[in-house]
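Chemist: Residue strings, one per chain:
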Amino acid sequence: MNLLTLFLSALLINNVILSKFIGMCPFMGVSTKLSSAIGMGVAVIFVIFGASVLSWALYYYALVPLGLEYMKLICFILLIAAFVQFVEMFIKKNSPALYKSLGIYLPLITTNCAVLYVALDNITQKYNLIETMVNSIAVSAGFMLVLVIFATIRERLAASDVPEAWKGNPIAFVVAAIMAIAFSAFAGLV
Amino acid sequence: MKILFAILIAGSLLGLNVWLYKANKNTPVPEGCENLKPDCHGCGITDCSLRRTEEIREDTK
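Going down the list, the protein sequences come from chains A and B.
1 is the number of the first residue of the first sequence in my numbering; add one for each residue after it.
1 is the number of the first residue of the second sequence in my numbering; add one for each residue after it.
Source of the hints: derived by calculation from the structure; they are not laboratory data.
Where hints are given, some of them may not hold.
[To be verified] In silico DSS-like cross-links for lysine-lysine, where the CA-CA straight-line distance does not exceed 30 Å:
no.: 1; chain 1: B; residue 1: K2; chain 2: A; residue 2: K100
no.: 2; chain 1: A; residue 1: K72; chain 2: B; residue 2: K22
no.: 3; chain 1: A; residue 1: K33; chain 2: B; residue 2: K25
no.: 4; chain 1: A; residue 1: K20; chain 2: A; residue 2: K167
no.: 5; chain 1: B; residue 1: K2; chain 2: A; residue 2: K72
no.: 6; chain 1: A; residue 1: K20; chain 2: A; residue 2: K126
no.: 7; chain 1: A; residue 1: K93; chain 2: B; residue 2: K22
no.: 8; chain 1: A; residue 1: K92; chain 2: B; residue 2: K2
no.: 9; chain 1: B; residue 1: K2; chain 2: A; residue 2: K93
no.: 10; chain 1: A; residue 1: K92; chain 2: A; residue 2: K33
no.: 11; chain 1: A; residue 1: K126; chain 2: B; residue 2: K25
no.: 12; chain 1: B; residue 1: K25; chain 2: A; residue 2: K93
no.: 13; chain 1: A; residue 1: K126; chain 2: A; residue 2: K33
no.: 14; chain 1: A; residue 1: K20; chain 2: A; residue 2: K72
no.: 15; chain 1: B; residue 1: K25; chain 2: A; residue 2: K92
no.: 16; chain 1: A; residue 1: K167; chain 2: A; residue 2: K33
no.: 17; chain 1: A; residue 1: K126; chain 2: A; residue 2: K72
no.: 18; chain 1: A; residue 1: K20; chain 2: A; residue 2: K33
no.: 19; chain 1: A; residue 1: K100; chain 2: B; residue 2: K25
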């Protein structure tokens, strides 16, 4: 598959949040402020990329040769959790500034199903290593793109005159639905 | 033989997870980051290690 097609498809057309409805928890939870959304987005890009490459290697170099493909789900869950712990510890020790901006979001990413989705999707689609890397960057960049757009809208909504019953999550869900419709227009792009 | 490899792989990943979890817990938090709190609302996960269940209940009332 053409890498540019794969990238655009994962970034816009099959957007992980607005098309697959995966990762809705951080989408609703960490989108009240733009600064939080950017921090979470960067942390997600880093974790999804690292976890995808590691899980791809584990699958093709350990599980497939041993005939243990059926164990991919449990192995990927454990690998993602271990990777997040390692990254958090590494940042704590080596970069306090980075920990201040990203560290708080790392434990939240362990429970982000988008990470597991990308790891499993790379295997299901039979991507090679390069395609896995492109797909994982595109999916996570799509996650960040939508999160940042949504956060800017929610910041403006907070200052708007919204009816009492619609304040908070209800109006946010309406906005998310309109965004999903808008993103569906990208379907004819590639 | 296959089942042994399966147990070995799952066991090693589990062990790695537990070891990294403990090592991460024992790593001191950098100065100035002791009281960091996530600025998140709306998530209903009640076993989140960052936000106490009471806070979540308050938010979702």
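Chemist: Give a verdict on every hint.
Modeler: Here is what the structure says about each hint:
no.	hint	result
1	B:K2 / A:K100	45 Å, violated
2	A:K72 / B:K22	25 Å, holds
3	A:K33 / B:K25	28 Å, holds
4	A:K20 / A:K167	26 Å, holds
5	B:K2 / A:K72	15 Å, holds
6	A:K20 / A:K126	19 Å, holds
7	A:K93 / B:K22	15 Å, holds
8	A:K92 / B:K2	39 Å, violated
9	B:K2 / A:K93	39 Å, violated
10	A:K92 / A:K33	24 Å, holds
11	A:K126 / B:K25	37 Å, violated
12	B:K25 / A:K93	12 Å, holds
13	A:K126 / A:K33	37 Å, violated
14	A:K20 / A:K72	21 Å, holds
15	B:K25 / A:K92	11 Å, holds
16	A:K167 / A:K33	16 Å, holds
17	A:K126 / A:K72	14 Å, holds
18	A:K20 / A:K33	24 Å, holds
19	A:K100 / B:K25	17 Å, holds
Hint compliance for this structure: hints 1, 8, 9, 11 and 13 are broken, all remaining hints hold.
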